[in-house]
Structure formats: structure tokens, C-alpha cells
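Take the given structure of chain G and dock chain P to it, following the hints.
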Amino acid sequence: MSPSMSITRALREAGFAGLVAAGLAFPILTLGTEMDQSNRLVLEQRWSWMAIAAGLVFVGRFLVLAFARKPARAAPHTGARVLSPALAAALPRAGVIALFLFPMVMLFWLGPQGSLKWINNYGVQILIYVMLGWGLNIVVGLAGLLDLGYVAFYAVGAYTYALLSTHFGLSFWICLPLAGLMAASWGAMLGFPVLRLRGDYLAIVTLAFGEIVSAVLTNWSDFSNGKAGIMSIPRITFFGLPFNANENGFAATFGLEFQAIHRTIFLFYLILALALITHVVTLRLRALPVGRAWEALREDEIACRSLGINTVNTKLTAFALGAMFAGFAGSFFAVRQGFVNPDSFTFMESATILAIVVLGGMGSQLGVALAAVVMVGGTEVLRELTFLKQIFGSSFDPSLYRMLLFGLAMVVMMIWRPRGLISSRAPSVFLAQKKSVSGTHVQEGHG
Amino acid sequence: MSAPLLSIQKLEAAYGQIVALKGVDLDIMPGEIVTVIGGNGAGKSTTMMSVFGRPRASAGKIIFDGQDITHKPAHEIARMGLAQSPEGRRIFPRMSVLENLQMGASVDGMAHFQADLERMFDIFPRLKERIDQRGGTLSGGEQQMLAIARALMSRPRLLMLDEPSLGLAPLVVKQIFDVIADLNRNDGLSVFLVEQNAFHALKLAHRGYVMVNGQITLSGTGRDLLANPQVRAAYLEGAH
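Here the protein sequences come in this chain order: G and P. Heads up: the first sequence is residues 1 to 447, going by the working numbering. Heads up: the second sequence is residues 1 to 240, going by the working numbering.
Next up, chain P with everything else stripped away, as it sits in the complex:
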């Protein structure tokens, strides 16, 4: 088996006195969609954010593509081919859709901006209609599309999505998850997905991890976890 693209090893992180991660181990193979599910405050987002150094890992290692990135500054990590669509979308509200996409491409100096822009229009036709509009005037779903497109503009090898379904209508969630599946199938994009929406996330992902209280308690293929009675009881019953 080949080496993992992203490997998180015994990761610990804290917000001041509050320990958020207590030794998290997680691997993402090239071409895989991996999801972390869990309740509020389990440490899912913290795991993802600490890959980019906020909060910094207090112990453990983060290895991307064979290189230790635990103590690298965020902009260098992004340059290595890691892109993140942060929780709550965080698009730039006063800047136009096009400018938002430009910001995503700034890591590689806008080398293939035009080609990538066309590709984003193919994936998200809605963005083409809205291209000169202010980011803040888009609907929630469109903003999420923009956030994903913006992350994709840097041609990442690993796309990290933090709660892409947050606050979106079920139909839009399905749309967005279909896009993620397509990107993975057609382009071999590896995806690291953090989700509250366990049902959709596990259906989409090849493998999943269940996180409780800053620790991984269960892991397995998406299908196994969907069938797991514990997971069903905790995260799926009545959830969809």
C-alpha cells in the first residue's frame, strides 16, 4: 500500500487550558475521501484547523506528502498543495465572486487562472452567472460553492472541507456532495471532510472516523460505519 497523503499522528492541541485533541491518529490515502464525524465540540474542526497551524499542535506530528508540516507557517502549507474551505464558508463578502476566486489562485501566482476559472464554471455554473456580484450577496448554497471553488483554484492535491452542509437546504447539500464525489472520481482529488451531517458524509466517504471528546473512538469504511449500531444510535437515528 502506498504512503498516506496526509498523516496525523498522536496529535494533541489545546485552546489555552482547554485540551481539544487528546492524541488523534488519522490517515488519508491519495484519491480517498475521508470523513470525520462527531458531535458538537468533539474536536473535528480543531483537527482540521491544526493542520494549518491554528491551533498549533502541542504534541504529535502532521505529515503531508512525506514532509513534516507540523510547524510550518500556513502559507507554506498551502503552497504544498493543501487547500481548505473553512467552517462557515468565510468568503470575502465585499469582494466580487471573481475576486474571491483570484484570492484562491494567489498561492501559485495565478499561473493557470483562466483555465481554472473555466473549470469552476463547468463545475458550478451558478458562479458564472454571479461572477461580478459581491460575495456577500450570494445565497448560502452559492457561497458554499464559491468557498469550494476558491479552495480548488489553487489546484490542491488534498481538499479539506469543514462542514460544507452547514445551514444549507437538503437539496443544495446533495448538489454539493455530488460535486465532491465527481471531483474525487474524475480528477482523483483527495478529500478530507468534517461533517455533522453524518449520514451524507458516510455515504460519500470511502472511510470515516468517529470522534468523541478529542479522541477517535471508531473508524472504518463509510459503509461499515453507516451500519454500525453505535454510530446509528448516536449520529444517525432521526438525523435524516
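This is chain G alone, in the form it adopts within the complex:
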């Protein structure tokens, strides 16, 4: 390892970095517009913001240059893991147990009012993205088909439940499999035209597909009620027992005092079950010929063809299955919100889910779950940082800076873990001993 550079040189380089930051911050942070009383925009100058940004960059850069050892560029890191293998093996089981206990612990600790935020905003919200991440992981991580329009299937699932329940009065438990089926058939439908496409071209077509679905939902008002969306979607029931204060409701039937948290806890366990089903199905499929064919397809399509693998079926099943899980998640979303409109299914959502898969390490189930916790949990944590208002003024809303978190996470990952949080791939079978070779031994972009 090369020692850190001399203090003077570090100061000089940090000063340069600070200048660049100041230059960048000038148009973005220093100049701002505010509406005055007569609704005119006035230019506001916030020199202190620029100073803070430049100062932070200067100090940070100086510390990195002067004291941190150089990033191991000379000796490419030899697959040093964040997690030791033993821990990586124990973590999923512990995680599942912790998730089962989570709502109860929160309930006893913070009471029915205080725990609502934690179970809903953190628990349910993160688990939705874990499930979506795992679903997309089949398409992107395993089969290697870059899908930028995944949110379309989420929307299909959500609208399937919303429309079937409001128009035909079908219950959630009937609509859930229907939504999955519907999304899966849309997945196969997208699959057909893109069979011949790969890489960038596939990405563009799937991106367009996502936009088309959202445009149709926005503009076909007779069908989807346009931008206004579909309201008063029937809420979740406990297998027929509604979560309300009536005498035939859930609370009365089980002799409990009625509380709104009951529904949230049930939703939590429901999405947990759905996510775990996604996970188990994916794990099972990976050990079956179709799952192996997905991975082989990701590795080398030409080799697949010469080995007699039906690449058409392989791609279509990957698209359809990935879409199916998004459909499940979509109908869950609709039943949780009680309201859907096209704003929930923008490209931003696809990007978030894809970022979760990529940051997690493509194909790694645990990595995807961890990345969902970081990305979605991180956004929620930003909302909590109200003390920042004391520094930046009362108009400062930390949750608006979630994009910054995205960018930061991406940059940090690209530097330290370019293959995602968990980059080693465990073989689905092994003879002598289970070895998971880290991704660093295989050429970048080829595995």
C-alpha cells in the first residue's frame, strides 16, 4: 500500500477540489428563486450554502488524500467480502426471524400509535421493494435481460386489482392470482417483440414499454379514469373479516380492541409472505433446468443455442415470471393504498428497482434485499433528519434530497464494490465443496 501523500500536496489538491465544488455549487445552490408576495420570482443569493458545500468537499478531500490509504488500484481487490461466508449464511435466516418478530416488537415497544410509522413506512414499504427487486432480479440478474420498464407490470397488477374490485366486486384473494397471471401474460407479450434484442436495444424497448403503459393509463380515461386514478378500492380483509370497528370485524371476532394498526400488521405479514414466496420460487427455479438456462443465457446466448437450449422459451419464462411477481406486488400496492393513479408508476420507480438490483449485486438474493433496505430505508431516514432544518433553515426538506442519496450510493458502490454488495455467486450444485468465487476474478462486464 502506498503511504498517504504529503500534507502540502494534499492541501493543494483539496483546494482544487473545493474550487470545483464551489463552481458547481454556484448555479445550483447559490442562485435560487423565491416567489414574493405578488407572485413574482426573485433571485435569491445564498452564498453560505456555496461556502458550506465547498468547505465540505475541501475537508473531505483533504482527509481522504492525507490520511486514508489509497484505494487499492495497484492491487485489484481480491474479492474481499463485506460479509464472511459464515455470516452470509446465517444472515438470511436471522433476517427472516427478525422480520417475523418486527411488528410485534415494535407494537410492544412503541404502542399502537408510535409503531404505525415503523411498520408501515419502514417495514411494508421496504418489503414491497424487496419483492420488486427479487422479481426484477429474475429478469436482469439471472437471465441478463436489461428491463427498464419493469414498473409497467407493477402497474398492470395494481390496476387489475383496482378495476376488478371496483367494477366486479371481486375480493383481493381472487384478484391476487389474477393480477399475477395478467402481469405474466403482459410480460410474455413484451417478451415476444424483444426476443431478438439484447443489451442497449432491449433496454430502450423495455423503457418505451413502461412509458406506453403509463401513457395509456393516463390518457385512456374511460378505462382507468386517467390522472385522477381509481379511488375507494376495497381495503384488505382478514380472509373475509374486514379491519373495522364493526361487530363482524376482525377485532370483534377475535375479542380485541379495534385498532388501525391491525390492518398494517396484517399487510406487513402479507407482503412478507409474498416476498418470501418470490424468494423461495426463485431459489427453487435456480436449481431447475429453466433457472440454469436463464443464467446460461445471461452468460452466453450463442453457446446456449449450440447446446440446444430453447432460447425463446427461456427468455419468455424469465419475462413472464419476473412480471408475475411485479403483478402480485402491484395488487398488494393497490390494496394497501386504496387508491391508484399513474403517478405511482413512473420511470423513476423502474429506475429505483433496477438500482436496487444492480447495487445488490446482480443475481444475489441477499444483496438485493440489503440494497432495498439501504435505498428505500435511506429515503425514509432522510425524512427523519429534521435537525437539518436548524442548519439550513425551516424551508429545508431533507426528503427532497433522496436523489442525492441515489447518486452518492452509486458513486460509492462503483468505487468500492463495482459488482454490487454481494458479488459472489453461489453455484446451484456442487460436488466436492461449496465454493463461491468472487466476481473479481472474471473480466468486468463478463460475469
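Quick caveat, the hints were computed from the structure, so don't treat them as lab data. Bear in mind that the values here come from a model prediction, so they are computed numbers and not experimental data. We put the beta carbon where it would ideally sit given N, CA and C, even for glycine. None of the hints are false.
Not close to chain G: a few residues of chain P, all C-beta gaps over 12 angstroms, as computed:
| id | residue |
| --- | --- |
| 1 | Ser2 |
| 2 | Gly23 |
| 3 | Asp27 |
| 4 | Gly41 |
| 5 | Gly66 |
| 6 | Asp122 |
| 7 | Ala169 |
| 8 | Leu204 |
| 9 | Gly220 |
In silico lysine to any residue, SDA-like type, Cα no more than 25 angstroms apart, as pairs:
| id | chain 1 | residue 1 | chain 2 | residue 2 |
| --- | --- | --- | --- | --- |
| 10 | P | Lys128 | G | Pro289 |
| 11 | P | Lys72 | G | Thr311 |
| 12 | P | Lys72 | G | Arg196 |
| 13 | P | Lys128 | G | Ala287 |
| 14 | P | Lys61 | P | Lys72 |
| 15 | P | Lys72 | G | Leu195 |
| 16 | P | Lys61 | G | Ile302 |
| 17 | P | Lys61 | G | Thr311 |
| 18 | P | Lys61 | P | Val212 |
| 19 | G | Lys117 | G | Leu241 |
| 20 | P | Lys72 | G | Met189 |
| 21 | G | Lys117 | G | Thr386 |
| 22 | P | Lys72 | G | Val312 |
Showing chain P alone in chain G's frame:
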């Protein structure tokens, strides 16, 4: 004389506007090793690849075991007992050696996977040592062995090898060609071999074809072609 196992008749194929094959005729008898040699861009690999439908034949016929396979999809062709080890090996780099072999056996539904696996270990002992290792971490020679073993896992009647010597050390090339000769001698496996390494290929093969510019210009037994002055001048002088 019995019917050929693979018969390519007046095959034409093109990549867009560029015509790669201009009427290729080629026969492979059961139990034969046949090689196609020729310079870069002569159309050797294209001939082999068009058997699997990429590129599709624009004219002519490909007949395998008496059946016209010219317009069949690749996975059906593989099911008939044809296996290919493509140019550049194309093993699955992130999958383990065992998983690579599984992919080769998937055509016949892994019916005799265990027995075939043992057989591959006999033929290529190196693969046994590397069995749980990632394909991408193998050396070039080991990757070529894996590519051949993977193709053999489907119990093919005809094995098609595209440039198995590509980028390998002479000693490894010899090893691999010895294996091919053994497979042919002991199991009666028919082999279709496309090679730049004309000397080794002609020494190994029963018969050979010389290809220039998308056409077969010469054909004969391996020994005859090795002795042919034209072949010697074009492909062998200074080559070994």
C-alpha cells in the same frame, strides 16, 4: 457405401449483403473425422454455424441422418444428436464447471448425467479437479476441454468443433487432438472439425476440405491434402 451422417448440399448463406457461402458441398460419413481448413474469412465457421441455423441458409440443403434440418430451430437440431463446441469456446464464465456440464446435458433432460459425468472425468481428469470452480477462472486449455466435454454431455452422434486449437499452447493442442482421435477410435464418434491449424487438423482427419472465398476448392483424404503442393504452399509452409 452407407448414407452420410451430415450432408451439406449447395449451401449458400450471407450476412446481410455479404455473401459468405457460395454453394458448399460437404459430406460426413458415420465414424469419420472430417476437417475444413482455409484462411481467415474463407467461410469455414459460417459453414458450421449455418448447420445450427445462424446464419440461415439462403439456398441449398442441410441433411442430418436423412432428415432435412435446413429450417429447423437450433434446439431441435441439437436434440437429434448434433453438438457443437463453438469458436472461442464460449463456456459460461460465472457458472461452475459442473453447471457448465449440466447445461450440456440439458438437451436429453439429464437422463444419464451421472454416468456421462464420470466419463468426462476419465477423458479430462483436469475437469474433475476443477469441478466446483467457476468456468471463467480456468486456463485456456481447460476451458477448451470444458467446451468439448460440455458438447459431449448430450451424447451426440456428430461433434462439431470450431477452432479447438485457438490460442492454445502446442502441447495443449496435441492433448486435445489426441482426445478427439481417441473418441473417434473408441466410441465411433463422428467429428466435424474446422481449423486454422491445417497441419494438425489434416493429420487427425480422415478426409479434409479446403475452403477459399466461400467455396470448396479441394478435397481429399487428410494424407493426400497434406502432401498436396498447393495446400503445402498455402497453409502449411512455416505453419508448424
